[in-house]
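S.K.: Residue numbers (this note's numbering), protein chains in the order written: chain F, 1 to 374; chain A, 1001 to 1509.
Please note: incorrect hints may appear among the correct ones.
To be verified - Distance windows between CB atoms, simulated:
| # | chain 1 | residue 1 | chain 2 | residue 2 | range |
| --- | --- | --- | --- | --- | --- |
| 1 | F | Ile151 | A | Phe1108 | 52 to 62 Å |
| 2 | F | Thr283 | A | Ser1312 | 56 to 66 Å |
| 3 | A | Pro1141 | F | Leu16 | 53 to 63 Å |
| 4 | A | Glu1378 | F | Ile25 | 47 to 57 Å |
| 5 | A | Gly1450 | F | Phe212 | 32 to 42 Å |
Hints in this document: simulated from the structure, not taken from any laboratory. Built from N, CA and C at the ideal position, the CB exists for glycine as well.
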Amino acid sequence: MKELIKSLRYTFLALLASLLVGAIIIVVTDIDALKSGDFGKAFSTVFTAYKSLFQGSFWGLRSISNTITGTTPLLLSGLAVSVAFKAGLFNIGATGQMLAGGMTALWVGFTMTGPGWLQVPLAVIAGAIGGALYGGIAGVLKARTGAHEVITTIMLNSIASFLVLWLLKTTTFQREGRPDPISKLVVDEARLPRLFGFLDGRSDLVAHAGFFVALLATFAYWYLLKRTTLGFELRATGLNSDAAKYAGMKSKSLTVVAMLLAGGFAGMAGATEVLGTYGYASTSLAGNIGFDAIAVALLGQSSPIGTLVAAVLFGALQAGGRSMQANTDVPVDLIIVLRALIVMFVAAPLLVKAMFRVKSQVTSQGQTFRGWGG
Amino acid sequence: MKLELRGITKKFPGVIANDSVNLSISTGEVLALVGENGAGKSTLMNVLYGLYKADEGEILVDGTAVNFHSPADAIKAGIGMVHQHFMLVPVFSVAENVVLGSEPTKRFGALDIERARKQVREVSDRYNLNLDPDAIVEDLPVGVRQRVEIVKVLLRDAKIVVFDEPTAVLTPSEIVEFFSIVRTLTDAGKGVVFITHKLKEALTIADRINVLRRGKVVGDADPKTASESHIAEMMVGRPVQLTVNKATASPKQVVLDVKDLSIIDPDGRLIVENVSFNVRAGEIVGVAGVQGNGQTELVEAISGLRRTSQGSLTLDGKDITEASPRQRHTLGMGHVPEDRQRQGLVTGMTITENLVLTRYHDSEFCNGFKMKWSKAKEKAKELVQSYDIRTSDPDQMASTLSGGNQQKVIVARELSRDIRLVLAAQPTRGIDVGSIEYIHEQIVKERDSGTAILIVSTELDEVMALSDRILVMYRGKVVADLDPKKASHMDVGLYMAGSRPENAVGVNS
């Protein structure tokens, strides 16, 4: 618990530091204000921008709904990167695994018929399995041939994107009467229920039950690490693979298992997007989520709570960024800059410490991957 | 030249590595700096060499205060350092290595290798180092590589040469040679600082001995009058027992039988060649040898971490040649690995987790899916108590423990299982005298309870003191099987260096 507070403190300071740098960027890019020398206006822009950033993420039901919608896939794919980090693997393939899981869930979602209480879980599980199998490919390649997972997962991302593009043009998947690669709609029974569906006439509240899937997955991840034998083996392998081998653990099968789990989480991210947010699949299904997931896992230091906090933070920035763009001239791109800054400040704790004059030892960094030698 | 350290204090978060240390060294003398691991010897030398900045205190060269911001400043002031781990490029020649970093050049910056070779030859002749400037470093034995490091330091005009644990990697005969080089250096007017934890060597070579304990200089000793046990007491802070107390062994049935074992490494080199021996219940067999003569690989093969290319292994009569490490654990093999940080522990895990690392899969600690952490914690508490592991809380990270206590965690874990055989590689490397004493006691106790024990150590003293039988390994072969009660130190040393002493006594048939 103490360690958690400690690591959260640095995350918070990193957030503060990046907001400061972000403010400078807003000021120096406000050309009109600079030309007229009206710094008061520039500062009021910063104030309005950050105010609408906050309001757009947490103020009111709609903002909260948007934050939850953004957080859900980030959390699930963040877990996909975190669980791999714990086992000493760098999973860059959350994108591909999301696509694989999303397409599997989609297929189940528009072909099956039956009651919702059966269809929804089945479709989500199908997505998890699809993602797991896709992630497992990289695991098997690493265990069998030693091919580095960074390379294989990047390649598998490309393969997945083009596979999806092709699939969406086949008669099985393509929506009838559409020339572009867009899928059939998931049947209503298979849609993840909307969280605020009980409020009449608020169709703008898009948050869906995928958030609970993500929270449940976070709990499962925590349970895996802290309570199970498998989690113990994964952590030992990730922290010291030589010691794990010495202790009789089978590092090759653990590599495969870790990638199956990672793919499973990412697959669920794809599934909740298809079954919740969109109700269909397009080529932009995974977007940048698979890469943002890496930042989420790094920021959360691969811990269950940390990943959750980081995903909520990124989800909130995403939701607030849109309202910031709407209310000020500050473009939503600033959010990308802010996220990059946060990750940078977290990765450079000494810098943050120097800025805020925190006096203490360097806290241990979360578990990441072993590097190219592993 | 006279070099003085006055009131040097260096603090790291949570520890005072050096606490107002005073030290002086003049040219022409050998100062031995002895102390246990973690006593602050290396920190002090890093301050002297400009790698660390002292929090308090000053460094004086011939009475004037100097400020070292980097090793370059220290080198300029005439201080040279020979590190424990050599800083050489293996594929370069001796001359190329020696000039690396301050290469003599011809016009247009071309390397003047002729001049480099000449320089090496000159220095080598002057100090009797016997170095071939054209030899490739990776082909040279360790003792010669050390001389390359010495030439490097001398060529940069060092007047004071600091040796950090120089004998750790040398064979007994190389140590003798090394001492004669040290004498040549002092005769030529150089000062030598000799950092070591081996008291015998400090007594042999030093003109003065300074003892460091917990960052402080706790005393001086005159090597002419001081005894080993007296210095050891200063080092540890209490009387220590330097010999191992044990009754005569009464070996029973064969537990481990190694037959015609050969190991070929991935590069196709024969690392272990046709090794056969056995270890009986109730005896300690020690494998002596200089680092890198196949002992590491032999232990890895016995523990199942390395494939053998020929030969067989049996444990209690069962063939385990193809068994996995886990199967060997279950059959009763305990293994204290050579490198505790790399293999023996997961330092990023808690002490409790480390104490069950090789037995977490027992039904005692898990039900196949879920860990029984409460059981593990109980066990950890019990082991921390009975093996004297100094920690306030077994839920702390193993990295918070000192080296000695980390080793005790491994020993506790491996000996407290139901075992028939213990493989212990370098069981006391780099740990404090108190912990060494304790671990030796535990190993003897385990022997007396009827366990077969195989010790591998590069510390000849340890092998001699602990073993009931000594095997000497040289270039992958077992070259001698000796009785430590009869064989002399000198003879074992000769076997370790690959020669065959005449009229050797204590050779087992």
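S.K.: Run every hint past the structure and note whether it holds.
M.R.: Each hint, compared with the structure:
Between Ile151 (chain F) and Phe1108 (chain A), the C-beta spacing of about 42 Å breaks the proposed range 52 to 62 Å. A beta carbon spacing of about 60 Å between Thr283 (chain F) and Ser1312 (chain A) agrees with the range 56 to 66 Å that was offered as a hint. A C-beta distance of roughly 58 Å is found between Pro1141 (chain A) and Leu16 (chain F), which places it inside the suggested range of 53 to 63 Å. Our hint of 47 to 57 Å for Glu1378 (chain A) and Ile25 (chain F) holds, since their Cβ atoms are close to 56 Å apart.
Distance hint check for Gly1450 (chain A) and Phe212 (chain F): the Cβ-Cβ separation is about 59 Å, which falls outside the suggested range of 32 to 42 Å.
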